[in-house]
Amino acid sequence: MLRYLDRPINVAVALIALVAFAFGVGSWKLGFWTDDGPGPGLLPFAAACLLLPILFLILREEFDDKERFHPHPLFAVVILCVYATVIPYAGFLIPTVLLIVAWTRLFEQQSIVRGAILSVLLIAFGWVVFVYLLKVPMSMLPELR
Amino acid sequence: MIDSLQQIVYGLSLATLPQNLMYAFIGCLLGTLVGVLPGLGPITTIAVLLPLTFQAGDQLGAIIMLASIYYGAMYGGSTTSILLRVPGEAASVITCIDGYEMAKQGRAGPALSIAAIGSFFAGTVAVVALSFVGPAFAKFAVSFGPPEYFALAVFGLVLSATIGGGSPARGLCMVLLGLLFGLVGIDTITGVERFTMGVPAITDGIDLVPLLMGLFGIGEILYNLEQKGGLSTLTSKIGRFLPNREEWKESAGAIARGSGLGFLVGLIPGGGAIIGSLLSYTVEKKLSKTPEKFGHGAIAGVAGPEAANNAAASSSFVPLLTLGLPGNAVTTVLFAGLLIQNVQPGPLMLVKHPDIFWGVIASMYVGNVMLLILNLPLVGLWVQLLRVPTWILGPAVLLIAIFGSYSLRNNWSDVGLLMVAGGAGYLLRKAALDAGPFAMAFILANILDTSLRQSF
Amino acid sequence: MKFKRLVVGLAAIAAVVASSIAQAQQYPDKPITLIVPWSAGGSTDQTARVLAKAAEAYLGQPIIVVNRPGASTTIGMGELAKAKPDGYTIGTLSSTAYLVSLQGRQLPFDPIQDFSYISYYGDNLIGIAVLQDSPYKKLSDLLDFAKANPGKLKFGTAGVGTTQHLTIEALQRDSKAKFVHVPQQGSAASAPALLGSHVDFIMETSVWAPFIESKQMRLLAVSAVQRSEVYPDVPTFTELGFKSLRSVQAIIAPKDLPEPIRAKLENAFRKALTDKAFQDTMKKLAMQIVDLPGAEVKKLVEGEYALAKELIESTKK
Numbered sequence: 001m002l003r004y005l006d007r008p009i010n011v012a013v014a015l016i017a018l019v020a021f022a023f024g025v026g027s028w029k030l031g032f033w034t035d036d037g038p039g040p041g042l043l044p045f046a047a048a049c050l051l052l053p054i055l056f057l058i059l060r061e062e063f064d065d066k067e068r069f070h071p072h073p074l075f076a077v078v079i080l081c082v083y084a085t086v087i088p089y090a091g092f093l094i095p096t097v098l099l100i101v102a103w104t105r106l107f108e109q110q111s112i113v114r115g116a117i118l119s120v121l122l123i124a125f126g127w128v129v130f131v132y133l134l135k136v137p138m139s140m141l142p143e144l145r
Numbered sequence: 001m002i003d004s005l006q007q008i009v010y011g012l013s014l015a016t017l018p019q020n021l022m023y024a025f026i027g028c029l030l031g032t033l034v035g036v037l038p039g040l041g042p043i044t045t046i047a048v049l050l051p052l053t054f055q056a057g058d059q060l061g062a063i064i065m066l067a068s069i070y071y072g073a074m075y076g077g078s079t080t081s082i083l084l085r086v087p088g089e090a091a092s093v094i095t096c097i098d099g100y101e102m103a104k105q106g107r108a109g110p111a112l113s114i115a116a117i118g119s120f121f122a123g124t125v126a127v128v129a130l131s132f133v134g135p136a137f138a139k140f141a142v143s144f145g146p147p148e149y150f151a152l153a154v155f156g157l158v159l160s161a162t163i164g165g166g167s168p169a170r171g172l173c174m175v176l177l178g179l180l181f182g183l184v185g186i187d188t189i190t191g192v193e194r195f196t197m198g199v200p201a202i203t204d205g206i207d208l209v210p211l212l213m214g215l216f217g218i219g220e221i222l223y224n225l226e227q228k229g230g231l232s233t234l235t236s237k238i239g240r241f242l243p244n245r246e247e248w249k250e251s252a253g254a255i256a257r258g259s260g261l262g263f264l265v266g267l268i269p270g271g272g273a274i275i276g277s278l279l280s281y282t283v284e285k286k287l288s289k290t291p292e293k294f295g296h297g298a299i300a301g302v303a304g305p306e307a308a309n310n311a312a313a314s315s316s317f318v319p320l321l322t323l324g325l326p327g328n329a330v331t332t333v334l335f336a337g338l339l340i341q342n343v344q345p346g347p348l349m350l351v352k353h354p355d356i357f358w359g360v361i362a363s364m365y366v367g368n369v370m371l372l373i374l375n376l377p378l379v380g381l382w383v384q385l386l387r388v389p390t391w392i393l394g395p396a397v398l399l400i401a402i403f404g405s406y407s408l409r410n411n412w413s414d415v416g417l418l419m420v421a422g423g424a425g426y427l428l429r430k431a432a433l434d435a436g437p438f439a440m441a442f443i444l445a446n447i448l449d450t451s452l453r454q455s456f
Numbered sequence: 001m002k003f004k005r006l007v008v009g010l011a012a013i014a015a016v017v018a019s020s021i022a023q024a025q026q027y028p029d030k031p032i033t034l035i036v037p038w039s040a041g042g043s044t045d046q047t048a049r050v051l052a053k054a055a056e057a058y059l060g061q062p063i064i065v066v067n068r069p070g071a072s073t074t075i076g077m078g079e080l081a082k083a084k085p086d087g088y089t090i091g092t093l094s095s096t097a098y099l100v101s102l103q104g105r106q107l108p109f110d111p112i113q114d115f116s117y118i119s120y121y122g123d124n125l126i127g128i129a130v131l132q133d134s135p136y137k138k139l140s141d142l143l144d145f146a147k148a149n150p151g152k153l154k155f156g157t158a159g160v161g162t163t164q165h166l167t168i169e170a171l172q173r174d175s176k177a178k179f180v181h182v183p184q185q186g187s188a189a190s191a192p193a194l195l196g197s198h199v200d201f202i203m204e205t206s207v208w209a210p211f212i213e214s215k216q217m218r219l220l221a222v223s224a225v226q227r228s229e230v231y232p233d234v235p236t237f238t239e240l241g242f243k244s245l246r247s248v249q250a251i252i253a254p255k256d257l258p259e260p261i262r263a264k265l266e267n268a269f270r271k272a273l274t275d276k277a278f279q280d281t282m283k284k285l286a287m288q289i290v291d292l293p294g295a296e297v298k299k300l301v302e303g304e305y306a307l308a309k310e311l312i313e314s315t316k317k
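Protein chains in written order, with the numbering used here: chain A, 1 to 145; chain B, 1 to 456; chain C, 1 to 317.
Treat the hints with caution; some may be incorrect.
What the hints assert, rightly or not - Some chain A residues well away from chain C (every beta-carbon gap over 12 Å; in silico):
#1 F63
#2 F69
#3 Q109
#4 V136
Claimed, not checked - Below, in silico cross-link-like pairs of lysine to aspartate or glutamate (EDC-like), each with a Cα-Cα straight-line distance of 16 Å or less:
#5 C/K178 - A/D36
#6 C/K255 - C/E79
#7 C/K178 - A/E108
#8 C/K154 - A/D6
#9 C/K316 - A/D36
Just so you know, the hints here were simulated from the structure itself, not pulled from any lab data. We treat Cβ as the ideally placed atom computed from N, Cα and C, and that holds for glycine.
So that you can see chain A by itself, here it is in the shape it has in the complex (with noise of 0.2 Å):
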């Protein structure tokens, strides 16, 4: 089982799969008919009826597959997955400086130095563009209630 999923189509064809199956469960409740004609859940569940043979078909098909994960790339996700989480309430500030050197320090092999002078200088630049020049309104720190 695990050595299957070593492969990353195999991992993607089960994920397509299982959106594939939430997509057609969820046309299935919108209705395919109204009165006035198709209804909102018949071209959704159409493609997603669709989609399962034709993953079948790739699997089956013979291709030159030598990729395979790397810690790397998963581990990344993970992380940018969690700032995004944390990003409403903790402000914008402290994760993305958090972020940065995380990611310089785990993934480039660069001093923890460098990457929060990365971060600083990479902040400031966005700050000016967007929150100085487009005023685009931004909670820099947590907000206190």
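Assemble the complex: chain A is given as a structure, and chains B and C must be docked to it using the hints.
Relative to the frame of chain A, chains B and C by itself:
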């Protein structure tokens, strides 16, 4: 004909007034910059500048500036698509496919140059067509009803399965998946929510810009974390800046056809630059003697779509100015800009504000020249981006994408979407599934569904 | 013992009242945020910005407009409902905000009771437009044809459950005429649908305005409190004996806003209605300025909501 010429001369006399030249230049410069920055598009920029133009006394100048931001962004959008596989503008997503491959082969210079030259040619062709036959084309725009949109969407979907380099089954799989995700959100016909699971951030549908930036840009950054050195492997070979003779030959026809296609599609409300570039890409692939090169750095796959999205951006001014119909999100904001300046776009625009109409059109001639002059020398500068070490470039792209996603709706949930799309982009890249067909189907999904059901 | 408690209690109440009065007297001592739940550049955004600019003069503090678009205003409205009712976060209310809750959508807030009402500022002019060369000269022509040929006439609106759509539902219910609804993707898409004869008439906000002027379209009736200054010849639905919904534009705040602060804001925003730039913007967008005190805005909104609910229920039968 003579009449039109007189009008254009009149327009040019207005557009070349020093202050209007200055407005056009500022607009072109801003447009190029926001086009280059991923996530920051002409919509945000024009919307932010609207209140400022309100105070500016110069009616024509303000409108020239807003318009030049729009077509300037179309020039700049290709830069990061080619260099980093991050679409700077949604319409440049097609350019990622072959442009980035070219950059990997050390042909970033020719790719960027041909994008600028193609954009210039297409922009100019579109403006000429606009000035001579523009108002007559307005009728074509409204003749598009649900059955025509349906046909367009089906045609587009069939074509999109063939873009990218994978097998037909893989292309079709991505098309169907794109269709499903494109239908998330409120259904136009019945008003019910589809597949939103009660999450307010996606009731209007999944936002295109963070999705594309995630799938392409963040996905690529993640992919590059695997290779030691990653992007910096490119730096060894930057090569020429300008296309060689063979590349010229391959792209000349593509640019001409792309201009024509883009012009027509841009006239249709809801058509827009992105569908224009999709059509152009697939047409070029079909016509090419070497279709196998597409997806692996075919210069025609950069030249055609870039020409098409520029022509479409220019021709979308026809329905906007002569019918008062904003055909896409950017022209909707421009529409608001015109209203703020007390100009009501519509059938009487030519009668009531000939100065604005011809002034803006003529400024587009001037603007295109400015953009070419601005962009060609920049090619040398942009290519240097590839020399920036990965440990700086990766976080930089990441951060700009975060700022850009947030600024679309001032909402952190779009940053969440960016990250999820990034993870998905990485997985698809690893599984050799192409995100291009996904993106196209995602865009066409609602047109397809709504037009099908409106036809009943 | 009991007495002591009473004294403490009274003192506490007095302290709260005193501090809220003091707060109101100082109010506003910092900039005020105005949440617009629509994208920048739309009609609400444009009008709210000019109105806010004019109201600043009466408040002595800047008003910062923040766009929080998405999910047919529910993202912005949700944020406003959650904000502290201290007068430093206020927002705009459009009829869409409470109409969406009738579409069977679960909202994390009550679209009417979770807000305090500051003032009203105007109505979008909504009207039925047909092509200039169509045989229908009056609203009654259209209704007579539809009664004789039920389901033959198609009409376009900005979408299901919008003010535009529900007003036509009211018309169908009260006149017994039958039309077919072809929802469009937003108001802007309605005009080309009519121009290309893909629908027979549209019920829309001012998207028809330029075509009325160029004599390509004709207005048959408008939904408005009184006849529009710009189109004095076009009758209102009320005159013709039909109900119509209002396309509300108002200024609101989170619920439990202290009354002195609310009154201060109401005063400023109602005075701002006389501002020249604001009046010009409203005219350009074919919107009518309406001045109402906050208390009446709430009543009006409740009435509109009840009518919309009734209409939606009647269409389901």
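Legend entry - Separation of A/F69 from chain C, once the least beta-carbon distance is taken, above 12 Å: holds, 35 Å
Legend entry - Outside-interface status for A/V136 - nearest CB in chain C farther than 12 Å: violated, 10 Å
Inset, instruction - Take a quick look at whether C/K255 and C/E79 sit within 16 Å of each other, Cα to Cα. - result: holds, 12 Å
Legend entry - Pairwise hint evaluation, A/E108 against C/K178, where the allowed Cα distance is 16 Å at most: At roughly 68 Å apart (the allowed maximum being 16 Å), A/E108 and C/K178 break the hint.
Inset, instruction - Assess, step by step, whether the Cα of C/K154 is no farther than 16 Å from the Cα of A/D6, and give holds or violated. - result: violated, 56 Å
Legend entry - Restraint status (C-alpha distance of C/K316 to A/D36 at most 16 Å): The given pair, whose Cα atoms are some 14 Å apart, holds under the 16 Å limit.
Inset, instruction - Mind verifying the non-interface call on A/Q109? Its CB should be farther than 12 Å from each CB in chain C. - result: holds, 40 Å
Inset, instruction - Starting from C/K178, check that the Cα of A/D36 is at most 16 Å away, please. - result: holds, 14 Å
Legend entry - Outside-interface status for A/F63 - nearest CB in chain C farther than 12 Å: holds, 40 Å
Consistency note: the structure conflicts with the earlier hints numbered 4, 7, 8.
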